[in-house]
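Spelled out, the chains give:
Protein chains: 2
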Amino acid sequence: MLPLKFHEGGLIPVIVQDQKTREVLMMAYANEEAVRLTESTGSAHYYSRSRKKIWKKGEESGHFQKVGRILVDCDEDCLIYEVEQTGAACHTGYRTCFYRTLDGVTIGEKIFDPEKVYGKTGH
Amino acid sequence: MLPLKFHEGGLIPVIVQDQKTREVLMMAYANEEAVRLTESTGSAHYYSRSRKKIWKKGEESGHFQKVGRILVDCDEDCLIYEVEQTGAACHTGYRTCFYRTLDGVTIGEKIFDPEKVYGKTGH
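Heads up: the sequence lines are chains A and B, in that order. Just add 154 to wherever you are in the first sequence, counting from 1, and you've got my numbering. Just add 154 to wherever you are in the second sequence, counting from 1, and you've got my numbering.
Next comes chain A alone, as it looks inside the complex (with noise of 0.2 Å):
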């Protein structure tokens, strides 16, 4: 495994591509232990720095992300995990979180209904 460099506080990181589509799903942050188990069950784990724990994706929702590839960047400080995505990526039921652009105009495919998903009290 190449040597990463974690920053701001031991994270990196981590844009989120689906292997088929080359689609951007999301970007989150994984710290060292998240990508290790990552690596070793191959379903995607990120570091929530607002509940400040290692989280996997899909625990609550179910939309897993089974991770085929993991890519490193030219400086060791950003990855891509390229995935296979149950569902949708996005907690809003947009299948990623780019569904918008800059100039506000929806571009995106809501795949489900948030409220089913995780319940009235949010994500």
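Calculated directly from the structure, the hints in this document are not laboratory data.
Simulated coverage check for chain B against chain A, where a stretch passes if three residues somewhere in it have a Cβ under 8 Å from a Cβ of chain A: (1) 225 to 231; (2) 250 to 259.
As a list, the in silico DSS-like pairs of lysine-lysine whose alpha-carbon atoms are at most 25 Å apart: (3) Lys206(B) <-> Lys159(A); (4) Lys220(B) <-> Lys207(B); (5) Lys159(B) <-> Lys207(A); (6) Lys159(B) <-> Lys206(A).
Positions of the beta carbon are idealized from the N, C-alpha and C atoms, including for glycine.
Could you slot chain B onto chain A? The hints should help.
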């Protein structure tokens, strides 16, 4: 324009994606002015944390990025620049900065010799 949440010294992470091949080319940071310049000129601008200034991709190498669309994520704290890349995105000469797997296997394609483009003093 959607309101953006800049953090870490007024910066927002930018994922750069080839608009045709959907390949993720690099990740960089932008401040508000860099985003505005990108919008108004159609050429990708970023903010260099080490040099503490705005830079236009390609200003030294000639490897400009013509920006088609800019996408925003659900939290409005991450962007995608969809670009048409001249030459290669990575200063190492590879088309994408993500030219290796986490295991250190090179999967990317080298497009240019960095010494010829940037000189021997680095980028």
